[in-house]
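Those protein sequences? They're chains A and B, same order as listed.
The numbers in this note's numbering rise by one with no breaks, and the one at position 63 of the first sequence is 68.
The numbers in this note's numbering rise by one with no breaks, and the one at position 168 of the second sequence is 192.
Calculated from the structure, these hints are not laboratory results.
Owing to the predicted nature of the structure, the values given are computational and were not obtained by experimental measurement.
Virtual Cβ for every residue (Gly too), placed ideally from N, Cα, C.
Do not take every clue at face value.
[What the hints assert, rightly or not] Here are the simulated lysine to aspartate or glutamate pairs, DMTMM-like style, with alpha carbons at most 25 Å apart:
hint, chain 1, residue 1, chain 2, residue 2
1, B, Lys-60, A, Asp-10
2, A, Lys-171, B, Asp-160
3, B, Lys-129, B, Asp-62
4, B, Lys-60, B, Glu-220
5, B, Lys-129, B, Glu-149
6, B, Lys-60, A, Asp-50
7, B, Lys-129, B, Asp-170
8, A, Lys-171, B, Asp-90
9, A, Lys-171, B, Glu-39
10, A, Lys-171, B, Glu-274
11, B, Lys-129, B, Asp-232
12, A, Lys-171, B, Asp-170
13, B, Lys-60, A, Asp-173
14, B, Lys-129, B, Glu-220
15, A, Lys-171, B, Asp-147
16, B, Lys-60, B, Asp-232
17, B, Lys-129, B, Glu-274
18, A, Lys-171, B, Asp-62
19, A, Lys-171, B, Asp-243
20, A, Lys-13, A, Asp-137
21, A, Lys-149, A, Asp-100
22, B, Lys-60, B, Glu-39
23, B, Lys-60, B, Asp-170
24, B, Lys-129, B, Asp-160
25, A, Lys-171, A, Asp-100
26, B, Lys-60, B, Glu-149
27, B, Lys-60, A, Asp-137
28, B, Lys-129, B, Asp-147
29, B, Lys-129, B, Glu-84
[Claimed, not checked] Over the 10 Å line for every Cβ pair with chain A, so calculated as not near, a few chain B residues:
hint, residue
30, Ser-36
31, Glu-220
32, Ser-250
What follows is the residue order along each chain.
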Amino acid sequence: MRSPDPGKAALFLLCLLPLGGLLWDAASGGLGANPVEALSRRTGDWTLRLLLATLAVTPLRRLAGWRWIARQRRMLGLFAFFYACLHVANYLVLDQWLEWAEIVADVLERPWVTVGAVGFLLLVPLAATSTDAALRRLGGRRWKRLHRAVYLAAGLGVLHYLWLVKADLTPPLAYGAVLAVLLLARLPLAAALRPALGAPSGR
Amino acid sequence: ERLEVAVRGRFSTDEAPTSYASVTGYNNFYEFGVNKRDPARLAGSLRTRPWTVVVEGACERPRTFDIDELLRRFPLEERVYRLRCVEAWSMVIPWVGFPLAALLKAVQPTSEARYVAFETLHDPEQMPGQRRRILDWPYREGLRIDEAVHPLALIAVGLYGEVLPNQNGAPLRLVVPWKYGFKSIKSIVRIRLVPEQPPTTWHMAAPDEYGFYANVNPDVPHPRWSQRRERRIGELRKRPTLPFNGYAEEVAHLYAGMDLRRFY
Chain A
6 MRSPDPGKAA LFLLCLLPLG GLLWDAASGG LGANPVEALS RRTGDWTLRL
56 LLATLAVTPL RRLAGWRWIA RQRRMLGLFA FFYACLHVAN YLVLDQWLEW
106 AEIVADVLER PWVTVGAVGF LLLVPLAATS TDAALRRLGG RRWKRLHRAV
156 YLAAGLGVLH YLWLVKADLT PPLAYGAVLA VLLLARLPLA AALRPALGAP
206 SGR
Chain B
25 ERLEVAVRGR FSTDEAPTSY ASVTGYNNFY EFGVNKRDPA RLAGSLRTRP
75 WTVVVEGACE RPRTFDIDEL LRRFPLEERV YRLRCVEAWS MVIPWVGFPL
125 AALLKAVQPT SEARYVAFET LHDPEQMPGQ RRRILDWPYR EGLRIDEAVH
175 PLALIAVGLY GEVLPNQNGA PLRLVVPWKY GFKSIKSIVR IRLVPEQPPT
225 TWHMAAPDEY GFYANVNPDV PHPRWSQRRE RRIGELRKRP TLPFNGYAEE
275 VAHLYAGMDL RRFY
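Bound-form chain A, shown alone:
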């Protein structure tokens, strides 16, 4: 039995705040003139933010020596998946009203939708194998290899956003830049720099 973790409880509530904001705005008319579009943007944004937060865990643990944060990674990843599910549900139900002919045409004919759909589908097995039992069943090595798919999913998420934008590429490029930094921080060079940065070794 683990001891209660106040940090985890706080982070859990923090991750629910965007949902609270959405529900509040939906009830009070704060989603504006086109609520379906607003829901799509906001759930998409929070999916990307939480994916990036998940990917920030390992660099922060290694480079900054924040060991406590490693325990929060699973929850961050599952919240990213949760907001991705809301994003997809909003698209399927409120945007397309489950008109499958339109949905299939969208996914097959429009690369930015294809990319988003593939990114989402990649997250499904990761969420499904997020339990301790699944980790034991798969074995650490295979589990780790499978969960590397998160890099691809995050990249596809950024591409999905980039492709959608009409003129101002700044927000998707900002996500892309953060993703690039988080990936670069994993390279051996970054690890070699660790002592130079003066961070505790974390071991």
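Since the structure of chain A is already known, use the hints to place chain B on it.
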């Protein structure tokens, strides 16, 4: 501020108008930011008096009009038009304005005038969105002359019976209801009669996505989304998009014999 409306009902749809709050709070006007709520928040910095419009080029009597002179000179009409954005949403807007044809007639176009080119004010001081080169400022649009003199083509100076709010393109803007919204250029300072098809802003930015003609056409998809349906602001379900935004009877003859897939 109320406007004196002389004529009502000509070419007007009887569909329910979109709420004033949505018409004035959900805008694409990149001169004031790329988010739909930015223009309502930021367009206060636009000064609409004094304001002049140059009408020049291939015409007998080129000249500069003061906005107040235009308001006195042309009887104002209310026209309740559908507006279909290229992003697949739509509104119904009770515009107040006068036919573009009346303004063009005043300068007596010559036979050289085959197209009309329009320009928005370019002043990053007043239009903060122009401080970044998101588009090739100033915003430019154009029509073929027969489109421009079509009685549906309107210069709007108001909506809902009142002076046009800045975020909707004050003090005067174009409204071409059978074309996607981006053709209906806002806050116009220059109108030029020209012999050749003029360059237009969104076409320059993404030629395969935004054509010069930009007639509403459910059969020609945007590369990134279908144009077959649209969401009327205020409604949740989508409705079918109509050819020429429902104005086919009035305007389809302008394009007789043209391949509208090529000239999208």
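Going through the hints against the structure:
no., hint, verdict
1, B:Lys-60 - A:Asp-10, "violated (42 Å)"
2, A:Lys-171 - B:Asp-160, "holds (14 Å)"
3, B:Lys-129 - B:Asp-62, "violated (36 Å)"
4, B:Lys-60 - B:Glu-220, "violated (33 Å)"
5, B:Lys-129 - B:Glu-149, "violated (34 Å)"
6, B:Lys-60 - A:Asp-50, "holds (16 Å)"
7, B:Lys-129 - B:Asp-170, "holds (13 Å)"
8, A:Lys-171 - B:Asp-90, "violated (34 Å)"
9, A:Lys-171 - B:Glu-39, "violated (30 Å)"
10, A:Lys-171 - B:Glu-274, "violated (31 Å)"
11, B:Lys-129 - B:Asp-232, "violated (34 Å)"
12, A:Lys-171 - B:Asp-170, "violated (30 Å)"
13, B:Lys-60 - A:Asp-173, "holds (13 Å)"
14, B:Lys-129 - B:Glu-220, "holds (19 Å)"
15, A:Lys-171 - B:Asp-147, "holds (22 Å)"
16, B:Lys-60 - B:Asp-232, "holds (24 Å)"
17, B:Lys-129 - B:Glu-274, "holds (21 Å)"
18, A:Lys-171 - B:Asp-62, "holds (16 Å)"
19, A:Lys-171 - B:Asp-243, "holds (21 Å)"
20, A:Lys-13 - A:Asp-137, "holds (17 Å)"
21, A:Lys-149 - A:Asp-100, "violated (36 Å)"
22, B:Lys-60 - B:Glu-39, "holds (24 Å)"
23, B:Lys-60 - B:Asp-170, "violated (32 Å)"
24, B:Lys-129 - B:Asp-160, "violated (30 Å)"
25, A:Lys-171 - A:Asp-100, "holds (19 Å)"
26, B:Lys-60 - B:Glu-149, "holds (20 Å)"
27, B:Lys-60 - A:Asp-137, "violated (45 Å)"
28, B:Lys-129 - B:Asp-147, "violated (29 Å)"
29, B:Lys-129 - B:Glu-84, "holds (10 Å)"
30, Ser-36, "holds (22 Å)"
31, Glu-220, "holds (26 Å)"
32, Ser-250, "violated (7 Å)"
Hints 1, 3, 4, 5, 8, 9, 10, 11, 12, 21, 23, 24, 27, 28 and 32 from the list above are not met by this structure, while the remaining hints are.
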